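Taken in sequence, the protein lines are chains A and B.
If you count by our numbering, then the first sequence holds residues 165 to 752, one letter each, in order.
If you count by our numbering, then the second sequence holds residues 696 to 819, one letter each, in order.
Hints in this document: simulated from the structure, not taken from any laboratory.
Among these hints, one or two may not hold up.
[As the list claims (entries may be wrong)] Taking lysine-lysine pairs in the DSS-like style, the calculated list, with each CA pair at most 30 Å apart, reads:
#1 A:Lys687 to B:Lys793
#2 B:Lys780 to A:Lys436
#3 A:Lys276 to B:Lys780
#4 B:Lys793 to A:Lys698
#5 B:Lys735 to A:Lys248
#6 A:Lys333 to B:Lys765
#7 A:Lys301 to B:Lys735
#8 A:Lys349 to A:Lys525
#9 B:Lys765 to A:Lys443
#10 B:Lys713 to A:Lys282
[As the list claims (entries may be wrong)] Covered stretches of chain B (chain A as the covering partner; in silico rule of three or more C-beta atoms under 8 Å from a C-beta of chain A):
#11 708-720
#12 739-749
#13 758-766
[As the list claims (entries may be wrong)] Computed beta-carbon distance windows for the label pairs:
#14 B:Ala777 to A:Lys474: 55 to 61 Å
#15 B:Ala740 to A:Lys301: 30 to 36 Å
#16 A:Gly262 to B:Leu724: 55 to 61 Å
Computed from a predicted structure; not experimentally measured.
Every residue, glycine too, gets a C-beta built ideally from N, C-alpha and C.
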Amino acid sequence: MKFTANTRIGIACGIAASIFTVFSARLIHLHVAKHEEYSRLAAQKHLTRQVIHAKRGMILDRNGEILVTNLPVRTMFADSSRIKKPEALAALVATYLGLDETEVLEKFSTGKKYIVLKREVPEETALALLNEMQKQKLRGIFTEQDAVRIYPNGEVLGHVLGFLNHEGKAVQGIELSMNSQLEGKDGYRFIERDRTGREIVLYRGIEEEPEHGNNVRLTIDMGLQSIVEEELDAAYKDLKPETANAVLVDPKTGAILAMACRPCFNPNEPGKAQPDQMKNRAIIDMVEPGSTFKIVVAAGALNEGKVDEKTTIFCENGRFAYGGRILKDHHGYGHMGVHEILVKSSNIGSAKMALMMGGDKFYEYVRRFGFGERLGVELPGEIPGLVHPPARWDKLTITRMPMGHSIAVTPLQITMGMAVIANGGQLMAPRIVQSVEKETGEILVKKEPTIMRNVVPKKTAHFVSEALVGVTEPGGTAAFARVNGFQVAGKTGTAQKVSPHGGYAAGKYVVSFVGFMPAEDPKFVLLVMVDDAKIASNLNYGGLVAAPIFSRIAERAARYMDLTPTMPPIPLQPAPIASTPTTEKRSN
Amino acid sequence: MNTELTTPINSNPIQIGKILCVSTIVGILLAVGLGFVYIKNLQFAIGEQIRHTERKIQQVRAENEVLLAKVTELTSRPALQARVKSGYIAVVNITGDKIARLTPPVQATEVGTLRTAFNEFGQQ
Numbered sequence: 165m166k167f168t169a170n171t172r173i174g175i176a177c178g179i180a181a182s183i184f185t186v187f188s189a190r191l192i193h194l195h196v197a198k199h200e201e202y203s204r205l206a207a208q209k210h211l212t213r214q215v216i217h218a219k220r221g222m223i224l225d226r227n228g229e230i231l232v233t234n235l236p237v238r239t240m241f242a243d244s245s246r247i248k249k250p251e252a253l254a255a256l257v258a259t260y261l262g263l264d265e266t267e268v269l270e271k272f273s274t275g276k277k278y279i280v281l282k283r284e285v286p287e288e289t290a291l292a293l294l295n296e297m298q299k300q301k302l303r304g305i306f307t308e309q310d311a312v313r314i315y316p317n318g319e320v321l322g323h324v325l326g327f328l329n330h331e332g333k334a335v336q337g338i339e340l341s342m343n344s345q346l347e348g349k350d351g352y353r354f355i356e357r358d359r360t361g362r363e364i365v366l367y368r369g370i371e372e373e374p375e376h377g378n379n380v381r382l383t384i385d386m387g388l389q390s391i392v393e394e395e396l397d398a399a400y401k402d403l404k405p406e407t408a409n410a411v412l413v414d415p416k417t418g419a420i421l422a423m424a425c426r427p428c429f430n431p432n433e434p435g436k437a438q439p440d441q442m443k444n445r446a447i448i449d450m451v452e453p454g455s456t457f458k459i460v461v462a463a464g465a466l467n468e469g470k471v472d473e474k475t476t477i478f479c480e481n482g483r484f485a486y487g488g489r490i491l492k493d494h495h496g497y498g499h500m501g502v503h504e505i506l507v508k509s510s511n512i513g514s515a516k517m518a519l520m521m522g523g524d525k526f527y528e529y530v531r532r533f534g535f536g537e538r539l540g541v542e543l544p545g546e547i548p549g550l551v552h553p554p555a556r557w558d559k560l561t562i563t564r565m566p567m568g569h570s571i572a573v574t575p576l577q578i579t580m581g582m583a584v585i586a587n588g589g590q591l592m593a594p595r596i597v598q599s600v601e602k603e604t605g606e607i608l609v610k611k612e613p614t615i616m617r618n619v620v621p622k623k624t625a626h627f628v629s630e631a632l633v634g635v636t637e638p639g640g641t642a643a644f645a646r647v648n649g650f651q652v653a654g655k656t657g658t659a660q661k662v663s664p665h666g667g668y669a670a671g672k673y674v675v676s677f678v679g680f681m682p683a684e685d686p687k688f689v690l691l692v693m694v695d696d697a698k699i700a701s702n703l704n705y706g707g708l709v710a711a712p713i714f715s716r717i718a719e720r721a722a723r724y725m726d727l728t729p730t731m732p733p734i735p736l737q738p739a740p741i742a743s744t745p746t747t748e749k750r751s752n
Numbered sequence: 696m697n698t699e700l701t702t703p704i705n706s707n708p709i710q711i712g713k714i715l716c717v718s719t720i721v722g723i724l725l726a727v728g729l730g731f732v733y734i735k736n737l738q739f740a741i742g743e744q745i746r747h748t749e750r751k752i753q754q755v756r757a758e759n760e761v762l763l764a765k766v767t768e769l770t771s772r773p774a775l776q777a778r779v780k781s782g783y784i785a786v787v788n789i790t791g792d793k794i795a796r797l798t799p800p801v802q803a804t805e806v807g808t809l810r811t812a813f814n815e816f817g818q819q
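Build out the structure end to end from the sequences listed, making use of the hints.
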């Protein structure tokens, strides 16, 4: 069969057209149908996702004093695919970063594109290294911006602030509880690099700005915190107790003005601290409160009408047989009113008031004062304490609990319990975060004072408050808590330490004093608690150990807060511990 | 012999118009191409400048933050207290007459009494 010229031309053209059609179809398929897939593959090959780190927010005190800030540092890493002179580069890197040259060279030989050489390199060192590399025309080392947390006050407030671990994760304190506000959100940018590893700005891809973390302003006043820390530190050195705590609260707002614990740790060097040093004992330690708890039964009995201002209770001359056991007072008392029971800290009087109320009512007041529940302070790990319901009480519990035994509470709960009396019967929610602010200072969240509940009426609180003034007057259990120029109300507490092996540890006491000042218009409530002070057992009382610390802190706090004295000056008193004579029966 | 110079009937005349047209198109394409390359280069150069400027800004910010952190550390309470103790700086009391008060404070008058919570110097 013979084809004509035209036929041959037609066939050739047809074949060519078919080939082009197939190619075109494939091209369209690749460009249209497979566009997404291949774009992604190409992007994976050429693009790098560069993380733009968000700046972590600062933590400030109520006056704007910086408590936690960031120090910019760099993470130095190598891309071995871009290194041309590994030996020279290793020598330079080893010199500037203080690394072993052989190890650096080994890392370069792995062929990896991301080899971290050193983290937390100071800015100056990183810049000096990069400049030297430029001079010597070396390449292959890159940096990433990073930051380390700085706690300029060191150990001061360490328990409250918390710290970040080596991975930058918040571990405890405000750092942990307010982490969502502080951390911010990292941004990113897709970039392409040229053969020398430099970014080609022209081919920048999608980018998202980082959202920097917000600043957190605390209710803490660093002026007061320093006073508390100094005095607690001095007491810790003198008395060598196992632990010591102090909590300073504004009773009208529930704002925590200062909070300190000993032993303490430096959040700049958390690795050097023992776990025991890191505990914020004000919220995670359970203690038997001792006689400070008597305010609960007194307020409850008054409010329930079981006693009034004129009622007298027979205190059995110091020996009260109940439930097959003898309950003792440190002195034998006869008939006493509620006022005197508090001033003299009578165990028997308190127990009898609880018996008048009945277990269920007494338990109700214990709970209304905030014991046995988490108070919701913005700190992680707060415990509720241990308050058994009446169904689980034994026969003696009703006589032991009013004097602060058979119950475990946190130091913060004791402080807030006293704040109920100082605040006219209202329990305020304790708070340590005042506001959350943007970097620019714009307030995002402002925490207002919150009333948790009305525990007792104003009249009852006022009566208890007046009795508590008597505690610090001559004849009371805490005359050493007095502050010149001011009326102080408060209550001592001395409780034998619970032994981890069961029962009580012989000769070990948790002593405390919780009070407020000025009594007529309280500006602060302060708790001082000292656990197992190393002094003679006949001197280890709340009124002799904790009350003088309270007095020193309160006096300095009054000066700091510029409180106007309302009382005439009192005569100079001898030093409490040195002057205290002989033995006393324990239970103040 | 025919010596007369005449244009052959089948020869192609030079079509100036078309040449000009094609040249113009080629010229324009050339200019566009060169312009494209120039602009691309310019973009790269500007990109490089942007990168440098960004790096400088980043460096200045980092240096600023480093300095702020140092200032914070040096002016922290423990640092200042250490300086007070070493005698490098001294704390001067503010006398009472320099403090505006809404209510007059109670003054300690007896000898051997504890100081009250206000500054007595202002009363002297």
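Outcome of the hint check:
1. A:Lys687 to B:Lys793: holds (24 Å)
2. B:Lys780 to A:Lys436: Holds, at about 26 Å.
3. A:Lys276 to B:Lys780: Distance of about 54 Å is beyond 30 Å: violated.
4. B:Lys793 to A:Lys698: Measuring from Cα to Cα gives roughly 45 Å; hence the hint is violated.
5. B:Lys735 to A:Lys248: holds (29 Å)
6. A:Lys333 to B:Lys765: holds (23 Å)
7. A:Lys301 to B:Lys735: With a Cα-Cα distance of about 27 Å, the restraint between Lys301 (chain A) and Lys735 (chain B) holds, given a limit of 30 Å.
8. A:Lys349 to A:Lys525: Violated, because 51 Å separates the two Cα atoms, which is more than 30 Å.
9. B:Lys765 to A:Lys443: holds (29 Å)
10. B:Lys713 to A:Lys282: violated (70 Å)
11. 708-720: violated (count 0)
12. 739-749: holds (count 6)
13. 758-766: holds (count 5)
14. B:Ala777 to A:Lys474: 55 to 61 Å: Given a distance of about 58 Å, which is inside 55 to 61 Å, the answer is holds.
15. B:Ala740 to A:Lys301: 30 to 36 Å: Taking Cβ atoms as reference, Ala740 (chain B) and Lys301 (chain A) lie about 21 Å apart, which means the hint is violated.
16. A:Gly262 to B:Leu724: 55 to 61 Å: holds (60 Å)
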